[in-house]
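Chains as they are written, first to last, in the numbering used here: chain A, 321 to 474; chain B, 1142 to 1183.
No lab work stands behind these hints: they were computed from the structure. Computed from a prediction, not measured in an experiment: that's the story for all the values here. Don't be surprised by glycine CBs; every beta carbon is placed ideally from N, CA and C. It cannot be assumed that every hint is accurate.
[Said to hold, decoys possible] If the Cβ cut is set under 10 Å, some of the chain B residues that face chain A in the computed set are:
| no. | residue |
| --- | --- |
| 1 | G1163 |
| 2 | V1165 |
| 3 | I1170 |
| 4 | A1171 |
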Amino acid sequence: LKFAERYLLTFMRVYLGVFNVVSGSNYFLRFWPQPVPHDPTGAAYMAVTLHLGLFQLAKVIELVGGLCLTFDIYVPFALVLLAPVTATVLVMDTFSSDLAHVRASGARNFIFHAVLFAAYARYYFPLLKLRAEWRPLWRADPRDKAADILSEAP
Amino acid sequence: MIDMTNPSPLLMTGFERTAFIGAVIGVVIAVALDLWRARSKR
């Protein structure tokens, strides 16, 4: 069962990764014509995000996050990076499109993303600090000092 | 995002076929690595 789990999660990770790499790089390289939403709200949303440069940013995020997922690099970070893209695609595809295969595509990517989040969940638990102390970049970290003292101890 | 204008799923299959092939290659590599590790342990 552990083997099946491992291969199933590998499948989902690489699928989501390659999908994002292809979607991101297609904007810049145009293997296929750039997809345009069918409904007027979706088309207007795409036009506005293109005008603001947010669409281009999303494509760069897809490319970077997708490469990370594909090659198993910084996966927990890549999942966070890609979460807004997957959520937007879910809304645009699954809830706005009238084409069945488009709806299925957005929903499937969202489900894969959610399962991967669950699979890597323990990496995010340290973020759930109710009262987080400052640990700024511009000051030495007291925890590092403590670690130094411990490592120097005989 | 995938094609939303063309009901023929040509573009969608382009995106999704690539992702599917990539995922299958990923799993094959994972299986091969596991087998290789198991053999080298013996």
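Evaluated hints:
Residue-level restraint check for G1163 (chain B) holds (minimum Cβ-Cβ distance to chain A is 3 Å; threshold 10 Å). Taking 10 Å as the C-beta contact cut-off toward chain A, the hint placing V1165 (chain B) at the interface holds, the least distance being around 8 Å. The closest approach between the C-beta of I1170 (chain B) and any C-beta of chain A is roughly 8 Å, which is under the 10 Å cut-off, so the hint is satisfied. Proximity of A1171 (chain B) to chain A holds as hinted, the smallest CB-CB distance being about 5 Å (cut-off 10 Å).
Checked against the numbered hints given earlier, this structure breaks none of them.
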